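S.K.: Letter by letter, the chains look like this.
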Amino acid sequence: MARFLIRRLIIIPPLLIVLSFFLFLCLHLAPGDPARLLAGPKADENQVELVRKAYGLDKPIYVQYSRWLIGWPGPDPQYIENIPEDLREFYTSNIPKGILRGDLGRSWKHESISQSIKERLPVTLELTILALLIAIGMGFFLGIVAALKRGTIVDYLSTTGALFGLSMPSYWLGIMIILIVFYLFGVLPIYASNPTISILLAATALGAFHTASVARMTRSSMLEVMGEDYIRTARVKGLSERVVVLKHGLKNALIPIITILVLQIPWLFGGAVVLERVFGIPGMGRLMLDSIFPHSDPFVVLDLFLVFMVLTVLANLLADILYAYVNPKIRYE
Amino acid sequence: MFASLIERARRMWASPAARKFRRNKLAWVGLAIVSAVVFCAIFADFIAPYDPVEQVGPKPWPNSPSRQFLIGVDSFGRDIFSRIIHATRLDLKLGLALVGLWTAIGVPLGLIAGYYGGKIDSAIMRVVDGLYAFPYLVFAIAMAGLLGFNLSTIIIALGIIGWPQFARVVRGKVLAVKTEVYVESARAFGEKDRTIMLRYVFPNSLAPLIVIMTLSLATSLIIIAALTFLLPVGVQTEAELGSMLHEGFEYIRYQPWWVTSVGLAIVIIVLGFNFLGDGLRDALDPRLRY
Amino acid sequence: MVEKMAKPLLEVRGLKTYFFTDEGVVKAVDGIDFDISKGEIFGLVGESGCGKSVTALSLLRVIPSPPGKIINGRVMFEGRNLMKISEKEMRHVRGAKISMIFQDPHSSLNPVFRIGDQIAEAIQLHQMTDKKEVPSKVAEALDLVRIPDPEDRMYQYPHQFSGGMKQRAMIAMMLACNPSLLIADEPTTAVDVTIQVQILELLKELRGKQDASIMLITHNLGVIAEVCDRVAVMYAGNIVEQADMAGLFRNPKHPYTHALLGAFPSAEKKRGELTVIPGFVPSLVNPPPGCRFHPRCPYAKPICTEEMPPVVKVNEGHWVRCYLYEGGK
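Protein chains in written order, with our numbering: chain A, 1 to 333; chain B, 1 to 290; chain C, 1 to 329.
Please keep in mind that the hints were generated in silico from the structure rather than gathered at the bench.
None of the values given here were measured: they were computed from a predicted structure.
Hints may contain errors.
Claimed, not checked - Example chain A residues on the side facing chain B (calculated, C-beta under 8 Å, incomplete): (1) V63; (2) Y171; (3) I178; (4) I255; (5) I258.
Glycine included, every Cβ here is placed at the ideal spot set by N, Cα and C.
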């Protein structure tokens with residue numbers, strides 16, 4: 001088991017480097033000029049050039065990338081004088097030390113990005129994990145019930161319900177929830193009014209969408225598993241039906257269910273960003289959106305994206321560990 | 001050539017798969033919805049009572065729904081109902097473009113991976129596995145943020161990320177068919193790889209491909225609407241469901257029907273494609289269920 | 001009826017199990033009677049699909065209930081009618097007093113739990129054992145079935161065991177609580193010949209050691225000949241003949257038994273062809289009226305098509321259902 005873990009962990013650092021470099025490449029190859037975005041729409045050609053040189057954006061890409069990784073030597077002294085007053089402070093103090101030393105750089109407003117992320121990460125995680133738990137809890141319940149009562153009206157209802165659920169995007173659910181609460185209580189349940197409730201409601205909206213997928217997979221996987229011989233053996237041993245289903249059945253059914261759960265993760269993160277907007281929750285998604293409009297702050301965007309990537313990779317790793325736990329055959333490969 | 005196509009279509013209609021589809025009531029509902037949507041998209045100019053972009057008249061605008069303006073008028077003075085009808089056109093176009101990109105990238109890659117196997121296959125599948133876990137919504141937002149937000153950036157960003165499912169499905173079929181006799185004999189006859197892939201292998205994967213395309217259309221609509229809801233993509237003039245949500249969200253307290261109806265429109269369209277895709281899947285290839 | 005000196009361990013009377021399917025009612029077991037005595041190896045033999053497995057599953061009341069249902073029957077075991085006791089009480093019987101092992105060991109063991117855990121589960125369920133003692137009891141059980149290095153092996157998973165070992169592990173699991181009756185459903189069919197011998201030897205040993213009775217279900221007469229004390233022959237949901245080994249093999253009465261023995265290759269038959277029983281096994285949805293074997297029976301008489309023949313005692317411990325014999329020939 002240890003060997004399995006180590007093999008999985010070793011992949012992560014190179015994977016992250018490749019991914020971040022990929023993003024860097026995208027920045028360069030795609031249309032758009034970061035220097036212009038940084039200089040702002042009011043800057044003229046000269047200023048844009050200055051900004052470009054000051055940020056080192058004219059240097060070859062591998063230089064830029066390595067600077068981002070290991071630190072920036074500081075703005076080119078040649079150009080410091082040409083930088084407008086208000087920005088000089090920004091460029092000369094608090095020189096970023098590079099990602100590898102944990103420094104994620106500075107935002108346009110001179111704030112430490114690492115700090116902002118540290119504040120907002122827990123909020124987003126809370127929302128996402130809560131939503132995942134809701135999806136798993138409800139999904140398992142509905143799926144198992146539908147499987148056990150196969151062919152009855154309960155089954156039909158939950159299967160059709162799942163199809164409906166899959167068609168209701170989480171942002172729509174969120175908006176509807178807000179409306180309903182507004183009509184019932186006269187208050188908009190946004191973060192500013194009530195942090196806990198808004199996160200709960202947002203998690204519900206997000207989780208509901210994913211409940212559908214989880215429920216469907218649970219149902220079909222359970223159906224398949226319950227027909228297996230070892231279930232008959234368990235019954236013949238004298239175990240109660242509940243133990244047979246929940247212990248012997250569910251553990252085997254988990255393998256394809258975990259696959260589906262892993263597939264939900266990208267959606268969960270995306271959904272979290274949207275729901276943060278809907279409910280006004282100050283998480284990473286909110287930060288990202290604020291860093292795009294009205295003023296663009298590419299470093300923040302880049303760093304946030306990287307954090308999301310790391311989270312995704314970690315989540316996948318967790319899922320792999322779960323896999324190995326549930327399916328002993330994998331451990332010995 | 002045409003005659004054989006008709007013959008093929010006739011055989012398909014009578015096949016057990018088609019019969020199964022016909023029995024599925026939800027699939028019919030889906031088909032009805034999708035047809036209605038397509039109809040709206042094509043004939044929007046004739047159906048919609050008002051112009052989607054022009055103001056309906058001088059201020060003050062009647063905000064609440066009325067006989068004249070079924071869902072009321074938005075804050076820019078445009079009839080919401082007409083806008084929704086017109087929005088189907090743009091959204092369908094965007095969705096089709098996205099699915100088209102996914103197909104264009106995923107299918108060839110799947111064919112190549114499955115057909116040639118070996119190192120090429122592992123390389124491609126590695127990429128597929130990696131992309132499966134990619135947080136694509138965040139990626140699209142990041143791309144939009146870094147490169148400027150307009151529809152084409154978003155579609156392209158999503159397009160290069162979302163194709164793994166297509167490649168997987170096609171590759172699966174290729175692997176299944178690769179060992180069939182007619183493929184072997186074609187190779188023995190010295191036919192070129194490309195021809196074999198296109199003439200013999202590819203048609204077999206059409207069935208699951210159609211299912212995936214339909215279902216992906218549903219998800220692509222959700223994603224596109226999500227992105228246009230979040231980002232000011234500059235389509236405020238042209239009618240598009242996600243950006244209408246964006247606009248309406250500000251007025252949620254005063255004109256809740258605005259946001260509700262646009263959202264419902266999205267839900268119904270997605271529902272239609274989901275029902276249809278599900279029905280197709282049950283009929284053509286139940287094993288595709290995950 | 002079979003008379004024995006001591007009261008039989010298991011008395012089955014009039015067992016009927018039907019399956020209600022879309023195609024009709026499948027009368028899988030249509031009224032059978034038999035007894036099993038203490039310490040006896042009882043064989044139930046017949047072609048595939050004749051209802052042997054359904055009989056066993058009915059005894060334990062684990063018939064899948066949407067399509068299947070035990071319509072009728074009395075199963076006396078330890079002074080109680082198993083068909084009448086509550087589900088909760090039945091669970092105390094399953095695995096503890098009456099156990100069952102299945103044909104395919106590869107699919108009958110849960111792949112995600114360790115072998116030791118699966119055995120321990122049975123022990124902990126039925127015997128109030130101190131937690132600390134459980135591992136040694138598990139090792140004991142594995143040792144009983146001759147699995148080497150039981151203390152290490154019990155931490156392994158089923159996929160790490162060979163086919164024969166899996167079968168033996170299943171036997172260990174089902175014997176761990178000292179049941180009085182072990183039902184073995186085709187235990188040798190899915191394993192190869194060398195393992196078959198081992199399993200049969202094991203079963204014989206266990207009967208002695210644990211004083212358990214064994215109900216051996218198989219379609220293979222050779223297996224029956226090897227280990228059984230008494231045998232019942234089943235055809236299309238009915239028991240057509242029941243006898244002890246000598247009686248059945250030397251003096252088969254029912255035409256079907258005759259045919260079965262004739263179809264069976266044996267070293268004693270130096271010449272001649274193997275007889276083939278003409279016709280097909282009847283559908284259990286619409287079984288032939290009267291004696292179900294009559295369409296394929298060379299001795300069929302008109303009365304055979306009207307009503308199921310009554311039980312006729314041929315000898316001590318040997319009875320048959322056939323119109324060829326009238327009340328003690």
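S.K.: It remains to establish, for every hint, whether it holds in the given structure.
M.R.: Cross-check of the supplied hints:
no.: 1; hint: V63; in the structure: violated (19 Å)
no.: 2; hint: Y171; in the structure: holds (6 Å)
no.: 3; hint: I178; in the structure: holds (7 Å)
no.: 4; hint: I255; in the structure: violated (12 Å)
no.: 5; hint: I258; in the structure: violated (12 Å)
Of the numbered hints stated above, those contradicted by the structure are hints 1, 4 and 5, listed in ascending order.
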